[in-house]
Amino acid sequence: MKRYVATRAATMFGVLMITLLITISLVGSNMDTILKQGIVFQVRSEITENPAIAESFSSVEEFEGFIQSQIDQRTKVLGLDEPWYSPQRIGLTMYKILLLDFGHATFLTSDAGSSDVKDIIFEKLPRTILLFTTATIIISIIGIFLGALSASKAGSVIDRITSSFAIISSSFPVWWIGMLMIFLFAFTYQIFPARATPDIPSSDPRYIGSLLYHMALPLITIVMIGFGSWAYLVRNFMVGIMQEDFIMAKRTIGIKQKKIIYTHALKNAAPPIVTILALSLSGSLGGAIITEAVFDWPGMGRLYFEAITVMDLPVIIGATYILTVFFLVSIFIADLLYGYFDPRVRTGQ
Amino acid sequence: MSSITPQEIKQEFVKSKIGIAGITILGILIATSIIAIIAIPVETFQEWNNPGNWILYPKVAIPIWVNLFMTEKIPEHKILDVPNIQTNSEGEIMLSSHKFGVNFDYGFFPNDFIYVFSSEYSESVLLQMSVTRPDGIKLDLLSTSLPYSNTKTIHSERVFSTDEAIKKNLLLQSEVFDFDLKRLSAEDIVFSKTNANEPLKGNYIFSIDMYSVNSEIKTHESKLIIGGKAFGMMGTDELRRDLAVGLLWGTPLALFIGLVVSIASVIMGLLYGVYAGFKGKKTDEVMMRFNDVIYALPALPFLIILSVTISNSIFVLVGFLMIFGWVGIAKVARSMSLQIKTRGYVDAANMMGQKNSKIVLKHILPQLLPYAFASIAISVPAAITTEAGLSFLGLGDPSFPTWGHILHDANTFGAAARGLWWWIMPPGVMIAIAGLAFVFIGNALDAIVNPKLKR
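In order, the protein sequences belong to chains A and B.
Under UniProt numbering, the residues of the first sequence are numbered 1 to 349, in order.
Under UniProt numbering, the residues of the second sequence are numbered 1 to 455, in order.
Just so you know, these hints were derived from the structure itself, not from any lab.
Incorrect hints may appear among the rest.
Straight-line C-alpha distance at most 30 Å; calculated DSS-like pairs for lysine-lysine [stated by the list, open to error]:
#1 B:K282 with A:K153
#2 B:K281 with A:K2
#3 A:K2 with A:K256
#4 A:K2 with B:K331
#5 B:K282 with A:K2
#6 A:K153 with B:K279
#7 A:K2 with B:K15
#8 B:K15 with A:K267
Chain B side only, calculated, beta carbon under 10 Å to chain A, not exhaustive [what the hints assert, rightly or not]:
#9 L297
#10 P298
#11 L393
#12 D397
#13 P427
Glycine included, each C-beta is placed from N, C-alpha and C at the ideal position.
Assemble the whole structure, with the sequences as input and the hints as a guide.
Printed below as a string of structure tokens:
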């Protein structure tokens, strides 16, 4: 078991590094261009603010030379004279990111006004977790019970309705249902707010209430689309288990169907269910990008989308890193749980 | 794992209702694609983002079939491009007269009317526009001269009902109407009853006369547009685009993306997984660790970064989707090939000295084909919705707008807030239908391949 955990952890760390490397190499060249432009702009504006410097030069060439040397000097201080792919720079950047030092955002700020990427991310992250964890928990509770119910009556009307609802609901994109829900319940029938961003500042005591009220519509949408496929999955596991010999044996002894399902069968279906719970939690964080964009929910997903639209590279790198960490941690937990529940996995092959 | 022959799969599949339903929907979608490609040339479709191409269409018009459920009908947007042309000449003066008949039986006034023409003439030309109403009253709308030219010239113009001159002319004829015309727009006057400002139903004849001296007028284009609030089977959007065109063309694009991505990723995954499983030992270990790496990459953030930094072309996007598509299949294919590898006939082939590549291709892969077909069908909807999601975020290919792109536009123009349901509903329903077709087929195949699920 120890060896299993160690290899999994090593793999995960490797993946994290590779993800970082890919992200940096994809946006690195753009980042350098933007930083260099920033330096040129800074130098020029300092000189225009102070006309005495410009007057102290006799010729235009000399003046331009001075500006150039200033620019070069600052580029060197920031280490930008070396290309972004030089080992030292990549190493330094990755080291900084590992320590959660993402630098300062180019355009975006947190609600409190800080432009430190770490502040921005840690302000948005709890909201995303709040929305999607709540949704996943509700979905899994409804899903497990509905799944167990339809597995116990396989082939019945309930089973058929659940299965067809699962298939149909999983073909609709969540964000499209979101648009429809906004159309129906925010504009046609004005029950919920259309924008999920609470309109009172976070220092106000009523903020929590407002946040929950604004969370209702996205939450309902995610749950509505999600629980069908959960129920379907649980049902399929249960149907598989119900065909196992030990269940048959229990049935022949005369234990009640209901008891078999809710104690013996559900217990045996637990490992895959717990694993999927961990995976779907992380999956929902990735899917948050589009869902939050539709509902204007002020979380990580919308932050990511905003960062992409204005090409705010430090935020993109930071958010990708955090998303990847969450994703990996949940995969890791899922792996461990699976190994814990199913000894065949950890003994290899 | 028992092997299933293709005949058995076919037999079982024909028996499954859900499979037949899936095939039927897929057939309809393919038929739609063929119709779209034949009826709407790619060139027209690529003009999707060119506003000039859509100028004659109405803004956010509701689909015309809505009128079937309405007691008071919403005026349809009419583009009349076949005028009744008469040419006369009296001595030096030549007259070319274009007449358009409009049957107007709606409960609301039209939005506007526009006359679009392009004619070839020399020297000066006088243009007169008038309308004869169902009640027999003839209203003069406009009388203007086209720019003078010594040589032969082509003049194109659009006469809008908002033209000041038309309003002035109508005010001069205000004795016909019992009410004050000052605050009304030209179309509200022309299509109004004389005693009250309500729409007058019946046949209207718009006639445009062009007089010229000593020179013949050749008309290249002559169209009358009665601006309405309903147009086409699917309506139009804020940028006047006919949504039917976008929705129709979205079908082959979605099928292309879905099928190419899933077929390619299943093939990649199968080969990768089978090879890893067959080779075993170090190769297997290394290949599976690489597989783990790709599996653990968060797909959507990466797809977004890739499409922003590298290219958002639809073909490149298909490639990106493949990168994340093959991983799961490779895992399953590996474990299946681990099982098949131990069978007697593989050992026999090995002992006979057959090449590894031949064993994989001839003895192991065919066993996995049923599973491969099922996974192709199951992974299509994911590819379609992921592409739609990217397009919805505005990161798709703008030169080939997909359903997701239409929804992106709908969202940017606030279609939900404005109640423009015909802009939001159809693209999403199409995405779902396309997904459903493959989910149905996949489920039917899955039930055949894994009989345990059937029960």
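Which numbered hints does this structure break?
Going through the list in order, the structure violates hints 1, 3, 6, 7, 8 and 12 and respects the others.
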